[in-house]
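J.: For reference, the chains in residue letters:
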Amino acid sequence: MLGLDLSFVNWDIISKFVLKGFLFSVQLTIVATIGGIFFGTLLALMRLSGRKLLMIPATFYVNGMRSIPLVMVILWVFLLMPFLIGRPIGAEWSATVTFIAFEAAYFSEIMRAGIQSIPRGQVHAGQAVGMTYSQNMRLIVLPQAFRNMLPVLLTQTIILFQDTSLVYAIGAYDLLKGFSTAGKIYGRPEEAYLLAAVVYFVICFGLSYMVKRLQMKIAIIR
Amino acid sequence: MTWDWQVFLNDDGGGRTYLAWMMHAWGWTLSVAVCAWVVAVVTGLLVGTVRTLPSSPWLVRAGNVWVELFRNIPILVQIFLWYFVLPKIFPPLQQVPGFVLVVLALGFFTSARLAEQVRAGVQALPRGQRYAAMAMGFTTFQSYRYVILPMAFRIILPPLTSESMNLLKNSSVAFAVSIPELTMFAMQAQEETSRGIEIYLAVTGLYAASAFVVNRVFAFIEKKVQIPGFIVAGGTGGAR
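Sequence lines, in order, name chains A and B. For the first sequence, the numbering used here gives the first residue as 3, with consecutive numbering after it. For the second sequence, the numbering used here gives the first residue as 23, with consecutive numbering after it.
A few of these clues could be false.
To be verified - Have a look at the derived ranges for each label pair, beta carbon to beta carbon:
(1) A:R215 to B:L91: 15 to 25 Å
(2) B:A84 to A:Y188: 29 to 39 Å
(3) B:Q116 to A:I161: 31 to 41 Å
(4) B:L91 to A:G123: 37 to 47 Å
(5) A:M57 to B:R167: 39 to 49 Å
(6) B:V235 to A:M133: 43 to 53 Å
(7) B:V235 to A:T61: 16 to 26 Å
(8) B:Q145 to A:K18: 28 to 38 Å
(9) B:R167 to A:F85: 53 to 63 Å
No lab work stands behind these hints: they were computed from the structure. All residues carry an ideal CB built from backbone N, CA and C; glycine is no exception.
Using the sequences and the accompanying hints, generate a full structural model.
T.: Given below as structure tokens:
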């Protein structure tokens, strides 16, 4: 069919080459989402704190990260990590550090918008019942901000999942690498790339469909 | 550790300095980005507009398929599809230079994102605008040409700014198919000179500077085309 031959694909190849990469991509996505949201929220709080000492570095970090390509950040971390910790570091670990640091900048913008979307009256109400800043944030503002921004956070996670394929630059073994390795070994690189595209599409399309459903559900409750 | 910026004046083995090589690579990055931008804006506007047409459900569906298809596959995989898979399926494509294939890949990838913004921009217009055009006896084409699109264009300027900056950054992925652009230069020069930090700093600076210029240019356009009292300027798209 069309000069392509997909007959080489069988379960053996999938479990031998693809599964390992798939698991790494998923793991990287989950770890970077959790880490990114955690540090992103901290960055957002720093930027909204009203204290120059916290605002300026956070703003600098977020805008800096957002104005350079992810591939360059991946290369930077891979280059610098051995200097910083004094020994060589695997591509997979390097990628994990990179994605947490990089995504934190993007998640912080989402969390900042989320925090700003909470009416001021909520903050004042918290203050009126005698809550400290941290209680107010933890119990009143952040839960609502998080909930309002849930669809956007999940959409960013889908983009993050797509971006994990860029670890290609440092040769980490992810889903795409799994397919391309299998393709090389069996002499069918084109078919392998096509399959990779199909798998990414199915996952991302499925996830974004679910996010859309969730968005509708949340919209009704609110 | 000491700085060694002189590395940029060293010969790269081919009779030119690393500095000259880097500038050349910067030119490639900008060419890829600008060409892909043109592809993205033309197709993005077209597909986005088509998705808002009032009485052409099949065109709307085709537009939706376009957006979902190009939005849900990672850009790197799309570049591989254009570079390796499509030429295998359609042999005539083997004559097409890699630069063109990468431009198409980046352009269509970005067009899907733009189409989504265009659709949102058109739908954000008050219904009355469309009705007013109909009341004037405009055809569908005329109402889009003279009423809807000029307004929608202004609404989508901020997201267009950030998408343009994204496109510039995404052009770095072209290294994967050996387009001699900035990221490719960074990787190769780092290996040859072992002065990775200086090389990466310079390249990162060029990317950041280019992105900043894009941001300023769009902020300028936004200011120029602003309709007084109609749409409140929401600052400058990219760096919100």
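J.: Determine for every hint whether it applies to the structure shown.
T.: Hints, one by one, checked against the model:
no., hint, verdict
1, A:R215 to B:L91: 15 to 25 Å, "20 Å, holds"
2, B:A84 to A:Y188: 29 to 39 Å, "35 Å, holds"
3, B:Q116 to A:I161: 31 to 41 Å, "32 Å, holds"
4, B:L91 to A:G123: 37 to 47 Å, "44 Å, holds"
5, A:M57 to B:R167: 39 to 49 Å, "46 Å, holds"
6, B:V235 to A:M133: 43 to 53 Å, "46 Å, holds"
7, B:V235 to A:T61: 16 to 26 Å, "20 Å, holds"
8, B:Q145 to A:K18: 28 to 38 Å, "48 Å, violated"
9, B:R167 to A:F85: 53 to 63 Å, "58 Å, holds"
In summary, the one numbered hint that this structure violates is 8.
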